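Asker: As a plain string of letters, each chain reads:
Protein chains: 2
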Amino acid sequence: MRAKVTVMLKTGVLDPQGKAIAAALGALGFEGVQGARQGKIIELDLAETDAATAREQVEEMCRQLLANTVIESYAIEME
Amino acid sequence: MRAKVTVMLKTGVLDPQGKAIAAALGALGFEGVQGARQGKIIELDLAETDAATAREQVEEMCRQLLANTVIESYAIEME
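The listed protein sequences correspond, in order, to chains A and B.
With the numbering used here applied, the first sequence covers 12 to 90.
With the numbering used here applied, the second sequence covers 12 to 90.
Bear in mind the hints are in silico, worked out from the structure with no lab data behind them.
Hints are not guaranteed to be accurate.
Identical copies carry no separate label here, and so any pair may be met within one copy or between two of them.
20 Å max Cα-Cα, derived EDC-like pairs, lysine to aspartate or glutamate [claimed, not checked]: (1) K15 to E90; (2) K21 to D61; (3) K15 to E88; (4) K21 to E42; (5) K51 to D61; (6) K51 to E88; (7) K30 to D61.
On a predicted model such as this, the values are computed, not experimentally measured, just so you know.
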């Protein structure tokens with residue numbers, strides 16, 4: 012199975028990378044960019060073939076390694 | 012409008028971050044992780060209200076700033 016994990020900073024947490032992107036787009040002449048936030052996407056190839064079991068494994072991976080749940084939220088999509 | 016841009020390394024391009032994630036998951040005892048790839052996700056808030064125009068703007072932003080099209084591919088989702 013393939014899992015796609017999206018990790019974003021929680022709303023309210025300062026996102027300097029996003030701010031830099033918004034400023035750079037403005038400097039390049041793109042008007043109307045009101046905000047930008049940057050996050051990570053992690054694609055995992057898993058040997059597990061059962062979707063429910065695989066999702067549980069990935070949840071545990073997120074809690075232990077992939078996301079810092081103090082400041083980041085994550086979403087999991089199975090494919 | 013809100014746009015979500017996903018930037019991933021093209022297949023064949025070495026992804027050391029992905030390799031580090033796969034190795035760390037193995038070290039934590041997660042078996043069956045056959046591969047991992049890491050990319051970026053950028054969420055943009057745009058003043059533009061027409062979806063087609065907004066998408067064109069975002070395409071141009073990807074080419075000029077958000078993605079290095081030599082080694083990265085990008086996908087745009089409008090919301």
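Asker: Decide, hint by hint, whether the structure agrees.
Answerer: Against the structure, the hints come out as follows:
{"no.": "1", "hint": "K15 to E90", "result": "both (8 Å within a copy, 19 Å between copies)"}
{"no.": "2", "hint": "K21 to D61", "result": "neither (30 Å within a copy, 28 Å between copies)"}
{"no.": "3", "hint": "K15 to E88", "result": "both (5 Å within a copy, 16 Å between copies)"}
{"no.": "4", "hint": "K21 to E42", "result": "neither (26 Å within a copy, 29 Å between copies)"}
{"no.": "5", "hint": "K51 to D61", "result": "neither (25 Å within a copy, 27 Å between copies)"}
{"no.": "6", "hint": "K51 to E88", "result": "both (14 Å within a copy, 16 Å between copies)"}
{"no.": "7", "hint": "K30 to D61", "result": "neither (40 Å within a copy, 24 Å between copies)"}
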